[in-house]
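Novice: Sequence:
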Amino acid sequence: MLGLGMFAVAFCSAGVIAEEGRAVVWPTQGWQTSTPEEQGVDPAALARLVESGARQSMDSILIVRHGKIVLDAYYAPYSADMPHVVNSVTKAVIGTLTSFALKDGLLTGTDQPVLPFFGERSILNLDDRKKAITLQGLLDMTSGLTWEEGLGEGPPLSVIDMERSRNWIEFILNRQMAATPGDGFNYNSGNPHMLSAILTKVTGMSTEDYAKARLFGPLGITAWKWRRDPQGVSTGGYGLALHPRDMAKFGYLYLRNGEWEGKPLVPRDWIDKVNHATVDMHLSFAPAWRYSNFFWALPDSNVYWASGYHCQLIVVYPALDLVAVTTGRNGCAVTALLPSIAASIKSETAIQPDTAGTERLASAIRAISTEKPSEVGPTPEIASTISGKTYAFARNPLGVKSLTLTLVGPNPHYDFELYSRNSARPPEMISGPIGLDGLYRKGKDTPYGPLAVKGRWLDDHAFEVERINIGASELSRKWTLSFDGDKVSLRGKNFEGVDVAIDGQSGG
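Residues in the sequence shown are numbered consecutively from 1, following this note's numbering.
Fair warning: there could be bad hints in the mix.
[Claimed, not checked] Taking CB as the label site, the calculated pair distances span: (1) Thr33 - Pro287: 34 to 40 Å; (2) Leu151 - Glu359: 35 to 41 Å; (3) Thr390 - Ser284: 47 to 53 Å; (4) Lys389 - Asp437: 20 to 26 Å; (5) Ile430 - Lys212: 27 to 33 Å; (6) Pro287 - Lys389: 53 to 59 Å.
[Unchecked claim] Listed next, the in silico EDC-like pairs over lysine to aspartate or glutamate satisfying Cα-Cα at most 20 Å (straight line): (7) Lys103 - Asp269; (8) Lys389 - Asp460; (9) Lys493 - Glu466; (10) Lys372 - Glu466; (11) Lys478 - Glu375; (12) Lys444 - Glu428; (13) Lys68 - Glu261; (14) Lys478 - Glu371; (15) Lys487 - Glu381; (16) Lys372 - Glu474; (17) Lys68 - Asp354; (18) Lys442 - Glu474; (19) Lys273 - Glu259; (20) Lys389 - Asp415; (21) Lys225 - Asp81; (22) Lys389 - Glu428; (23) Lys389 - Asp484; (24) Lys401 - Glu496; (25) Lys273 - Asp183; (26) Lys401 - Glu428; (27) Lys493 - Asp503.
In short, the hints are calculated from the structure, not lab data. Where a beta carbon is used, it is the ideal one built from N, C-alpha and C, also for glycine.
Whole structure, please, built from the sequences with the hints as guidance.
Specialist: Shown next as structure tokens:
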């Protein structure tokens, strides 16, 4: 990370001077675009970023310099018209809404104790340490609550247990204490969810509605999705979906020191605290990283970012007058990505046109924006035998109740039922087209993005179904179906990534 720090320092004073003489561009009604060279950006370096993103299962990469988009690339089958799940970037939005509530006087200060907001509840494992948890302890991940989430080094066990519970806030509040509040960093998606519940209480509206009024509305953000917990609280740790261009607006708000259209929205001291974060995250692979107000930071390099699982990033480079946004389906090497983005900046002002670099960038964007067909095998005779048959399954870890594949005819499609986790609710029926030519076919929209499915025969009796929720920040999932008369064996991974085999049978 030394290279990033040196590069940022080199441009710091020049960036301030340039800002004073440059009209600020506000993208409320839509972003202006520019060639990279006009904004001092190397198009060949951007091409390398796009090419690298293809190898890292990215869904999009967008870069704003001097208030104008210089790179806006989308990896098929994802496209620019779809919101994308941003995972833990949601936390940074919750933090920002908390700054509004403080500014509005709805909260008295970040040193305010948390438990009085839940005074009507009977809280388990209550002791003096739990009583000492403050709003800042939630914002900095130093609440001290027992929590296992792992930051990519293991399964998010506490999140899984919370999702299974009937009352998420109750689950979080009842956790035992592992440390004295403020003593150390421990990543915990329960912390921002408690803040979402607090915001709901003090504002008298849902967190989503508060965001619409105070954040999304002023920034011109009109389309999003936001999950809610079983009690209707907008999820605080994850669950928000935004378009990449709107993610960039959020980053641009921070780049402009909390101002929008000349009006102060986020308090300047809030952003200064983010940019100069001091909470040590104790990460072996990135010892210089710090944390504050639900943002990650490299203070010595003058860069900070909102971060979500599988490379959902909003990166702010104040000294370079730059915002970068990525979305993805898998993890990415952030320690390498941040300096690579910074290295694309060559000047505060325009540079000479680079014909070769421009052509390489255009070629890279064309290559990723078109879906490449996967290999398919010949269609065996059994295809017509099993086509249209419904196979039923007893309750199982994959949640599949029944499955029908119609593979013969002009409109191949699937129909399957999923058992409800709540036995009192009926099964969910999902239907849609299936591509048999190596290309996905998009079906119905879901809370996690449009479901796209394709399939291929592996041999005379085995058929592979590959499906993906586009924009859901996940890699595709595969089922292998092995047919034997009226029986079928289905193999795949459950939601926790564990291999599972289940057996089903048709009615004849």
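Novice: Confirm or reject each hint.
Specialist: Structure-based check of all given hints:
no. : hint                        : result
1   : Thr33 - Pro287: 34 to 40 Å  : holds, 38 Å
2   : Leu151 - Glu359: 35 to 41 Å : holds, 40 Å
3   : Thr390 - Ser284: 47 to 53 Å : holds, 51 Å
4   : Lys389 - Asp437: 20 to 26 Å : holds, 23 Å
5   : Ile430 - Lys212: 27 to 33 Å : holds, 30 Å
6   : Pro287 - Lys389: 53 to 59 Å : holds, 57 Å
7   : Lys103 - Asp269             : holds, 11 Å
8   : Lys389 - Asp460             : holds, 17 Å
9   : Lys493 - Glu466             : holds, 12 Å
10  : Lys372 - Glu466             : holds, 14 Å
11  : Lys478 - Glu375             : holds, 15 Å
12  : Lys444 - Glu428             : holds, 13 Å
13  : Lys68 - Glu261              : holds, 15 Å
14  : Lys478 - Glu371             : holds, 18 Å
15  : Lys487 - Glu381             : holds, 17 Å
16  : Lys372 - Glu474             : holds, 18 Å
17  : Lys68 - Asp354              : holds, 19 Å
18  : Lys442 - Glu474             : holds, 16 Å
19  : Lys273 - Glu259             : holds, 16 Å
20  : Lys389 - Asp415             : holds, 10 Å
21  : Lys225 - Asp81              : holds, 13 Å
22  : Lys389 - Glu428             : holds, 19 Å
23  : Lys389 - Asp484             : holds, 13 Å
24  : Lys401 - Glu496             : holds, 19 Å
25  : Lys273 - Asp183             : holds, 18 Å
26  : Lys401 - Glu428             : holds, 9 Å
27  : Lys493 - Asp503             : holds, 14 Å
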